[in-house]
Amino acid sequence: MPSHLEHIKSESRLLRGTIAEGLADPVTGAIAESDTKLLKFHGSYMQDDRDIRDERRRQKLEPAYAFMLRARLPGGVMTPAQWLAFDALASNYASSGLRITTRQTFQWHGILKKNLKASIAAINAAAASTIAACGDVNRNVICNTNPIESEAHEAAYAWAARLSEHLKPKTRAYHEFWLDGEKLVGEEAANEQEPLYGPTYLPRKFKIGIAIPPLNDIDVYAQDLALIAIIENGELVGFNAGIGGGMGATHGDPATYPRLADIIGFVRPENLIALAETVIGVQRDWGDRDERKHARLKYTVDTYGLDVMKAEIEKRLGFALEPARAFHFDHNGDRYGWVQGHAGRWHLTLQVESGRLLDTEAHTWLSGMRELAHIHTGDIRLTCNQNLIIANVAAEDRDAIDALVARHGMDGYRKNSGIRQHSIACVALPTCGLAMAESERYLPQLLSRLEVSLDRHGLLDAPILLRMSGCPNGCSRPYLAEIALVGRAPGRYDLRLGADFQGQRLNQAYRENVDEAVILEVLDGLFGRYASERTAGEYFGDFLLRVGVLSEPRKIPLKVNA
Amino acid sequence: MNVALKPILPTPALGEERLALLARLTDGLSPADLYWVSAYAAALASLATRIPGHAGLAVVADAPAPAERPAERLTVVYGSQTGNSKRVAEKLAGKAEAAGLTVRLLRAGAYPLRELAQERYLAVVISSQGEGDPPDDAIGFMEFIAGKRAPKLPQLKFAVMGLGDSSYAKYCAVSRDLDARLAELGATRFAALGEADVDFEAPAATWSQGALEAVKQALSVPATSARPVSPLHAVSAPPLHSREKPFAAEVLENQRIVSRDSDRDVRHLELSLEGSGLRYAAGDAIGVWPTNPPVLVDQWLSALKLDGSREVTHEGKRLPLSRWLGQERDITRLTRPLLAAHAALSGNHDLQRLLEPDHKADFAALLESHQPIDLLRDVPAAWDAEQLVAALRPMTPRLYSIASSPKLVGQDEVHLTVAVVEYERHGSKHFGAASTFLAATGDEARVPVFIEENDRFRLPADGSRDVIMIGPGTGIAPFRAFVQERQATGASGRNWLFFGNRHFSQDFLYQVEWQEALRNGSLHRLDLAFSRDQAEKLYVQQRLREKGRELYAWLSEGAHLYVCGDSAHMAKDVHEALLDVASVHGGLSADDAKAWLADLLQQGRYARDVY
Chain A
1 MPSHLEHIKS ESRLLRGTIA EGLADPVTGA IAESDTKLLK FHGSYMQDDR DIRDERRRQK
61 LEPAYAFMLR ARLPGGVMTP AQWLAFDALA SNYASSGLRI TTRQTFQWHG ILKKNLKASI
121 AAINAAAAST IAACGDVNRN VICNTNPIES EAHEAAYAWA ARLSEHLKPK TRAYHEFWLD
181 GEKLVGEEAA NEQEPLYGPT YLPRKFKIGI AIPPLNDIDV YAQDLALIAI IENGELVGFN
241 AGIGGGMGAT HGDPATYPRL ADIIGFVRPE NLIALAETVI GVQRDWGDRD ERKHARLKYT
301 VDTYGLDVMK AEIEKRLGFA LEPARAFHFD HNGDRYGWVQ GHAGRWHLTL QVESGRLLDT
361 EAHTWLSGMR ELAHIHTGDI RLTCNQNLII ANVAAEDRDA IDALVARHGM DGYRKNSGIR
421 QHSIACVALP TCGLAMAESE RYLPQLLSRL EVSLDRHGLL DAPILLRMSG CPNGCSRPYL
481 AEIALVGRAP GRYDLRLGAD FQGQRLNQAY RENVDEAVIL EVLDGLFGRY ASERTAGEYF
541 GDFLLRVGVL SEPRKIPLKV NA
Chain B
1001 MNVALKPILP TPALGEERLA LLARLTDGLS PADLYWVSAY AAALASLATR IPGHAGLAVV
1061 ADAPAPAERP AERLTVVYGS QTGNSKRVAE KLAGKAEAAG LTVRLLRAGA YPLRELAQER
1121 YLAVVISSQG EGDPPDDAIG FMEFIAGKRA PKLPQLKFAV MGLGDSSYAK YCAVSRDLDA
1181 RLAELGATRF AALGEADVDF EAPAATWSQG ALEAVKQALS VPATSARPVS PLHAVSAPPL
1241 HSREKPFAAE VLENQRIVSR DSDRDVRHLE LSLEGSGLRY AAGDAIGVWP TNPPVLVDQW
1301 LSALKLDGSR EVTHEGKRLP LSRWLGQERD ITRLTRPLLA AHAALSGNHD LQRLLEPDHK
1361 ADFAALLESH QPIDLLRDVP AAWDAEQLVA ALRPMTPRLY SIASSPKLVG QDEVHLTVAV
1421 VEYERHGSKH FGAASTFLAA TGDEARVPVF IEENDRFRLP ADGSRDVIMI GPGTGIAPFR
1481 AFVQERQATG ASGRNWLFFG NRHFSQDFLY QVEWQEALRN GSLHRLDLAF SRDQAEKLYV
1541 QQRLREKGRE LYAWLSEGAH LYVCGDSAHM AKDVHEALLD VASVHGGLSA DDAKAWLADL
1601 LQQGRYARDV Y
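In order, the protein sequence lines correspond to chains A and B. Last residue of the first sequence? That's 562 in this note's numbering, and every number before it is there in order. Last residue of the second sequence? That's 1611 in this note's numbering, and every number before it is there in order.
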């Protein structure tokens, strides 16, 4: 039996539902529950401030509802003018500055219902969109941003943008609600279609990412459709394609699990759009629409078997995929500091803790980047590790930018410990409805405590990958971290260990449902061993496996349908 | 049973025959049924003693037919965070219905807590979150049952199913607590407590099956034939309490109902009238005898350099000065006699001049903007304690429009909506006597109160009439009572409320109750005006004009219109808006519009409770 959400989608008239009525209802700052599901497709989640939820219940006031808005920003690339527009939105309507997501885009929190339309319109006025930034559709297409080879990046980024544009939902509802588009009526309304997705869209979200070896900064194996750009002689010749990656899981439900994508072959650029459409089509038709927890492509792959999936994809494509080409990944982090690109242009990668851009006493990210956007002639890029890149800077402008960065305290990349430079946290409390424990608000504090321990063992500069997540759904890709903390309840986390440094091996649960004291104690012991027993250049996750703290990871058995 | 009866109780003059009948009647009854029989007899006794000359049975026969006892049905309540408990409850309810039972299924947040005392068969499916917390929607439900106001539940048969996650320390804590507490309140289990871990389907199904069998068996037994009496059927008795003899009402709840970021404080208070004999109707006010803020009394004493412990005799009453100032005298409102006395004592010419006829405006402005303490501080004068007590006005009670309907919350309870008057002016904090007093009341506090009837502010006797209510700010209070009353009496007329305040997110008083009223059909329209949510200030009168056409139509069809709140500005502005509405939509001339509104007043269809 199709899930409740499938009914909502099928009855929504291509994502309309009663959103318009809900926006106009002055009695509540919320919209109808069923409409919140549809609103995601428009790029927004309804949330409330969970810190004061109970207090407001006692005050006989409804929860402090507000909306999270997410931009669709393929490859995370924007102009300084766009930056200024996004910054203005943060000041005018949002409650907590700008947030860089783990999918290379901006998120604004705390937008009141009455300001939602003006906010979405402002994003569109800046030549960006929010359509399909959330929802059961192809999401923001991510792409490596800090390339070894700039020209190859430009080619790959162009494909990210084309995929993003091509796979957008076609419903006119978005224009009707937010951009004063004319309402379709009569026959026109009856004939409106969603050619790729159909009236019920996908069973679940769908993520596409493009990595450019040797950098796996986008964690390509965590994508539903994983694309690895193959560059030969400085030229983009095509992509290795993988299917079935995904991070989400549910505590205590062994039928759910994180999974890495399997490479199924190589595709030439001219066939890329066809491949993406085909994989999406198979998932649309074969994905589980009864149980949402089992609806991502990864479960479809495990249900039918990789071979069956690949055969179906090739059948629909009308040709066979070529064998995958060789490639190699060095790591899945960002390259901080200045990096030279082609034509004498320079790129500066800055570390943004948990992706939060705010003006505080310690640093003034909003003011600093505003100032930068007024003088910068290149572009600005967001990374999947919640950092940002000031890209395409002329050599002679570097000093001025360095000074600006230092003046605003944005130079953490020079000073921070290894672990701090390699950490990610999801938003979690108080706005995320799924969060079971703190994440972003707590990470800095935990890192400070871990740094004491690391310092004691002489590991302050060791690059250790730590990711924190308020729930098991995996926005911060915790299952690909050497150390992961996955929230269970306030103050309690599952401690997972042993992913590699390249984003190619999942970690394992090491301690379940433990508090900070246990986390610090366990890690301190392991840091001690790592400091004294590691081999040259050995990463923390690899070390734990080699010395037997963890056993070789279990392969998740593939279930194959008869 | 009859064997046991004799030794325990002194035998009344029943005679052998009636004793035998009684024994036959009570033989084999369950404890719950025995309680019921005893309540029945107690009610008869109560009626018979209050109306001498009537035999008990005759009174019952004459009384209007008592309310139907709620049909024997199974109520299934769920407290669900992720939807699992909800699904288990839905399944159980579905199966019970299929088995031919009368079933109602409710989420915990929607369960009418007042009905718990009458509930007969209750099944609860509830999950425990994190470290043993109830689901958000069930917090109120759990608090009520765990709290001191939970009723005894001898009539109740119940079964609880808990969903949890055994990886947490307090596994299924919520369901365990609930199960134990219901038993503690006198209820009996019709099925044992069920529990299920993350993998809940199978244990939940087993429990549901068992519970269903038990209920089926219980409900197929024919219900006892006796019809219940309503023991509290109205009997008038002389009031025990009045303005002069206030009742010390226990504070049951004192809850801030504006958000943390509001710079004003509004409280919802619930007081117990239990045992007071006080009765009220929707539209009435409650009088509160305040105690002046102790801080303010100290400020007086130090400003006047007087000793609070000094005994002062006035009109035959001897009390310490601090007590006079605290309880017996009004020290928050500046009056002409006090000002005159202070002017004379201080010899201050400016003050004396203010009292002259050609300085009326300045004088009025001073009264408006100052409290006595400001005067005492700014203009020193040599008061002695006796003079002071004599010059001050006696304490007067403050009236608050009652925010509850006794038909919904019961005569034993009364609710108030209190704007706390506390502000900074002339460099120091100023307090309103009663609101500060009420806001400071905690658990177990008692407040001296009485009921002030307001017959001019009553809902139409004809429940089919439409009602329009305009109550910005704490003017909302009586309309909460009205809507409750119309809901409790099943009035068929429509209810239209206009409310305004400063900010939607901060001071939308009783927001969730209005939302629920709109959902359940006890409120039909709600128009809002939040003055400071946009650049241009916006008030209810603007909404009246915007909705003028429909407003005029409602009134033309016989609707009653009520206004409550600020008299200085709001009531006048609303009055003007109503005149405009009559002109624009009724085509009336200015004079005719005035006559039309005057006629509504005359008919009692335009009532105001303004202050």
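By construction, these hints were calculated from the structure, which means they are not laboratory data. Check each hint, because a few of them may be wrong.
[Unchecked claim] What follows is a set of in silico ranges between Cβ atoms, one per label pair, in the way DEER data are often shown:
| id | chain 1 | residue 1 | chain 2 | residue 2 | range |
| --- | --- | --- | --- | --- | --- |
| 1 | B | D1580 | A | K117 | 48 to 58 Å |
| 2 | B | Q1255 | A | A161 | 46 to 56 Å |
| 3 | B | D1580 | A | T18 | 26 to 36 Å |
| 4 | B | V1198 | A | E552 | 21 to 31 Å |
| 5 | A | A81 | B | E1368 | 33 to 43 Å |
[Claimed, not checked] Chain B is nowhere near these chain A residues, computed Cβ spacing over 10 Å in every case:
| id | residue |
| --- | --- |
| 6 | I8 |
| 7 | R58 |
| 8 | H166 |
| 9 | E235 |
| 10 | H251 |
These numbers come from a predicted model, not from an experiment. Note that the Cβ used here is the ideal one computed from N, Cα and C, for glycine as well.
Hints and how they fare:
A beta carbon spacing of about 32 Å between D1580 (chain B) and K117 (chain A) contradicts the range 48 to 58 Å that was offered as a hint. Restraint check, Q1255 (chain B) to A161 (chain A): a C-beta distance of roughly 54 Å satisfies the suggested window 46 to 56 Å. The hint said 26 to 36 Å for the Cβ distance between D1580 (chain B) and T18 (chain A), and at roughly 34 Å that hint holds. Separation of V1198 (chain B) from E552 (chain A) is about 27 Å and conforms to the stated range, judged on CB atoms against 21 to 31 Å.
Taking 33 to 43 Å as the suggested C-beta distance range, the pair A81 (chain A) and E1368 (chain B) does not conform, at roughly 54 Å. Non-interface call for I8 (chain A) relative to chain B: holds, since the shortest CB-CB distance, roughly 14 Å, exceeds 10 Å. Its closest Cβ contact with chain B, about 6 Å, brings R58 (chain A) to no more than 10 Å, contrary to its assignment away from the interface. No Cβ of chain B approaches the Cβ of H166 (chain A) within 10 Å, the least distance being about 36 Å, so the stated non-interface status holds.
Consistency note on E235 (chain A): stated as away from chain B, and its beta-carbon is indeed over 10 Å from all of that chain's, at 51 Å minimum. The claim that H251 (chain A) lies off the interface is violated: its Cβ sits roughly 7 Å from the closest Cβ of chain B, which falls inside the 10 Å cut-off.
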